[in-house]
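All chains, please: the whole structure from these sequences, using the hints.
Protein chains in written order, with the working numbering: chain A, 1 to 571; chain B, 1001 to 1571.
Warning: the hint list may mix true and false statements.
[To be verified] Below, simulated EDC-like cross-link-like pairs (lysine to aspartate or glutamate); rule was C-alpha separation at most 16 Å, straight line:
#1 K24(A) to D460(A)
#2 K126(A) to E1513(B)
#3 K97(A) to E1092(B)
#4 K1097(B) to D510(A)
#5 K97(A) to D1103(B)
#6 K1126(B) to D510(A)
#7 K48(A) to E1059(B)
#8 K1034(B) to E142(A)
#9 K12(A) to E1142(B)
#10 K52(A) to E1068(B)
#11 K97(A) to E1142(B)
#12 K1097(B) to E92(A)
Just so you know, these hints were derived from the structure itself, not from any lab.
2 protein chains.
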Amino acid sequence: MRASHYFISTLKEAPSDAEVTSQKLMLRAGLIKKTAAGIYSWMPLGLKALRKVENIVREEMNRAGALEVLMPAVQPAELWEESGRATHYGPELLRFKDRHDRDFVIGPTHEEVITDIARRDIRSYKQLPKHFYQVQTKFRDEIRPRFGVMRGREFLMKDGYSFHSSFDDLVREYNNMYATYTRIFTRIGLEFRAVAADTGSIGGTGSHEFHVIAETGEDDIAYCPDSDYAANVELAEAQPGSTVHGVATEALTKIHTPGVKTIADLAAFLNIPDTQTVKAIVVESDDEVPKAVLMLLRGDHELNEIKAQNLEGIKSPLTFATPEAIATAFGANPGSLGPVGFTGRVIMDRSVAAMSDFVIGANEDDYHYTGANIGRDFPGPEIVDLRNVVAGDPSPDGKGTLALCRGIEVGHIFQLRTKYAEAMGARFLDENGREQPMEMGCYGIGVSRILGAAIEQNNDERGIIWPSAIAPFQLVICPVGWSKSDAVREAAQALYTELSEAGVDVILDDRNERPGVMFADWELIGVPHRVVIGDRGLKEGSAEYQGRRDASATAVPVAELAAFVHEKLSA
Amino acid sequence: MRASHYFISTLKEAPSDAEVTSQKLMLRAGLIKKTAAGIYSWMPLGLKALRKVENIVREEMNRAGALEVLMPAVQPAELWEESGRATHYGPELLRFKDRHDRDFVIGPTHEEVITDIARRDIRSYKQLPKHFYQVQTKFRDEIRPRFGVMRGREFLMKDGYSFHSSFDDLVREYNNMYATYTRIFTRIGLEFRAVAADTGSIGGTGSHEFHVIAETGEDDIAYCPDSDYAANVELAEAQPGSTVHGVATEALTKIHTPGVKTIADLAAFLNIPDTQTVKAIVVESDDEVPKAVLMLLRGDHELNEIKAQNLEGIKSPLTFATPEAIATAFGANPGSLGPVGFTGRVIMDRSVAAMSDFVIGANEDDYHYTGANIGRDFPGPEIVDLRNVVAGDPSPDGKGTLALCRGIEVGHIFQLRTKYAEAMGARFLDENGREQPMEMGCYGIGVSRILGAAIEQNNDERGIIWPSAIAPFQLVICPVGWSKSDAVREAAQALYTELSEAGVDVILDDRNERPGVMFADWELIGVPHRVVIGDRGLKEGSAEYQGRRDASATAVPVAELAAFVHEKLSA
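Here is the structure:
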């Protein structure tokens, strides 16, 4: 491709409403144009990268034995009534009436449509398993679309749905998809992790998310660098270590702690590590008239609200007790609360259970106890996992210690089990002639989101740094003096022709721009390899190669240029 | 691909609501499933054919220098307000409000979105021309969706939009697209014609439709077999021949014609050819109180309503006069009407102008005149082109005579000129620094409709007959006795492996079905080439080849099978 025949339209500054790096860079590089809030047009450069992602996804899905279909964006609402999701999906589901006043939705996902097809077409175990997938435009009416293509309203998704005659066969396909997704994200060239996940509103059991690791990710992930273990921090289990408390050596002593309200204040006031203190948090029970429930954590730990609200008898979503309720229940205000003398329910994190001689609020404003011990000073409470894991915690799989990172979810695999098959009557006859609901799995990849995530993971102050497999072009040839120097033009054209014919996805910048403009454009656009051809080099028979991540250029003899480039491209 | 891993689901009978051949066959062959009225899901076999069409379109558009983009399906309604189409497009435009109560449409076409991009990004003649296209799902809320994928509500379309600094350059690109569309439909393997067309609601001037020729087509087309001339019958000009009438040799004679109401009656009653009679049709003028206007055609010709309603002073859409108005104006009823003695406006088709001594109604019930002549018996009226062309008419390009056929529109190219650029302010600076509106062209192909049209053109009583380039599979191998005969299984697998590795798109029917079932399925699905391998043939070292259009099978030595197939595929 020649740049003069292409559409290159870069911006010095990103629009002021762009929030995150990938969004700013995609708009500045002209990969996308905003058409409405959360709705983008993909321009030639952006679409080229998008199609490369789409093709990798398609190749690997086909290789895994899934069959491509294309379902409609517009779906009859009655299918959503059957599945029960019409009322549960909420305002992200765009509904409308057609000219005959019939109800339709624009599908944010396609469980209903594919289950409708399966129940009409699949009758026997002999027709199972089947896995159908599509690469299709989806619409979700997000209340606050943002982050460019990472949380847009209209987006491109690969969604697959598998049907099975047994749970074992669903697990087999689930594992097949786990391996397939791993191949896909590896081929794209992303640093990613498969993370154990909650199944959320889609229902069912057994689920993994695939996250691209990036500092700007929305999700906190705990993982073990020495094993495959990874989980959303919301779900990662904090290992107990010991839950048997140490031996008490100090007496319970009430001390005056004027103005001390926080764990940091307390540790500083007493000149002790925060690991010697215990944090008290008061939440509401799920009784009709809520009672105060005291939760105790080691001073340096954070409450995991998901774990807390999942406990029996606790109000969900988790609700913190009001100042009035706390004053009534404890006779003191937050900052001086503790279990000694409290007669309500007390729940303790496992890490607290292992402590002895700790510091805790005395249920009297501006007073704490030192030398507190479980059992001796207050009754032994319920001991559960109540906290977020922290870096250095033992990995739940016993294979090392946990590290933390942030991630962007780009894939999700679910075991739906028989949820949709039961609701919509998708049954088959098994080997014994008995009617059974089909077991189902579903498997999604955010195809357009991958581009945003790839950029969040790979960029610098000059622009995007594409992984080679999804770069809009692999290589750019920048001739310095295109219109002035016959030698430059001929050398650039010769290299362009040779590489094009060898199948390299190369663009020749024949726009006759100054070197500074050319370089800034291509570094912003993020083409991974660049060759500069100018009169100065040609006099010595050489041109310059520079990789997008390289600090400086390398002089390469013109005669060896094509071979040199091929080597770099295959590296 | 092995059939046991694929999804083959054929039906003996088409659903009762399927109306046309292609719709019935696509549903019976399991290429598509109906999800709602005019809304279909593409199953693996159907999508495979659809993708082949899409890829040919994409390759040729890229070859022609157009740049692929992807615009959103959901568009802000304010763009349609700017262009003025929000009010003009009618109920096929699906409108909705998002959760923030903002107005959106689901785009049936994308002139507004691309013009919005162009006006923001293109400022100088140096950036022109540019041609952007996309292959994208469209939605039109048809009042009566029918004919399967040929007039669905959701469908796949290639739509392209070009921007130019001059009309000349628009014409150059228009011609480039004319040639590109010709290549596309030729590569797909369709019999088609480019037809001069009206520009319809989209506006602008200069337009061709591309029609697939099929008896079941909705459009009547006149074409010249000896030249490139083709036009919708609505638009084709009937050539005048002579408009000077012949010499009167008979006297005007009133004759009694009891019960004679039609031209056929009249010709039979007088034993003369219908070309000697003149047909009288009375329509309304566009006056506030409509007057009766008499239109005269040769007895064997049909009124062209489009031509008639486009005449000055005639009510549009064309409205026939009421029986009461006719009786008042003529003193007689239809069947006996004519120009003699009528004092209102009379318009005559050119063919009538060349007649002499003809037969016409006498404005008295059950009476006609013979020997009527223009000028002598009534004043010479307006002479215009008022009729549909018929087979045998001279071609307007003077290169032969016209033939008629029916067609299915699958492509349309338009010169939009500056309609959208003016309405939406898409301007550029020309060489002289003057601001000018961009000239625009637009170019559409109904990608999903092509599959229906291809089937309408190519089918028989057994099913679909795919053109090779878009067949879901090029070849099927049918082993007779898959589970029983090692020799059959080995021979079938060997051929399958050899052809697959050579890049042939082949399916091996390993479902272990009886030959009758296999053959019926693959003939219905329309795979163009079939090889049958059975024990009987293998004993003599041969297998059977049969093309989908062949009347009988050919025995081919097993050793020569692969070479034989390659030759058939490249034929």
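Against the structure, the hints come out as follows:
{"no.": "1", "hint": "K24(A) to D460(A)", "verdict": "holds, 12 Å"}
{"no.": "2", "hint": "K126(A) to E1513(B)", "verdict": "holds, 13 Å"}
{"no.": "3", "hint": "K97(A) to E1092(B)", "verdict": "holds, 13 Å"}
{"no.": "4", "hint": "K1097(B) to D510(A)", "verdict": "violated, 46 Å"}
{"no.": "5", "hint": "K97(A) to D1103(B)", "verdict": "holds, 14 Å"}
{"no.": "6", "hint": "K1126(B) to D510(A)", "verdict": "holds, 13 Å"}
{"no.": "7", "hint": "K48(A) to E1059(B)", "verdict": "holds, 14 Å"}
{"no.": "8", "hint": "K1034(B) to E142(A)", "verdict": "violated, 29 Å"}
{"no.": "9", "hint": "K12(A) to E1142(B)", "verdict": "violated, 45 Å"}
{"no.": "10", "hint": "K52(A) to E1068(B)", "verdict": "holds, 13 Å"}
{"no.": "11", "hint": "K97(A) to E1142(B)", "verdict": "holds, 13 Å"}
{"no.": "12", "hint": "K1097(B) to E92(A)", "verdict": "holds, 13 Å"}
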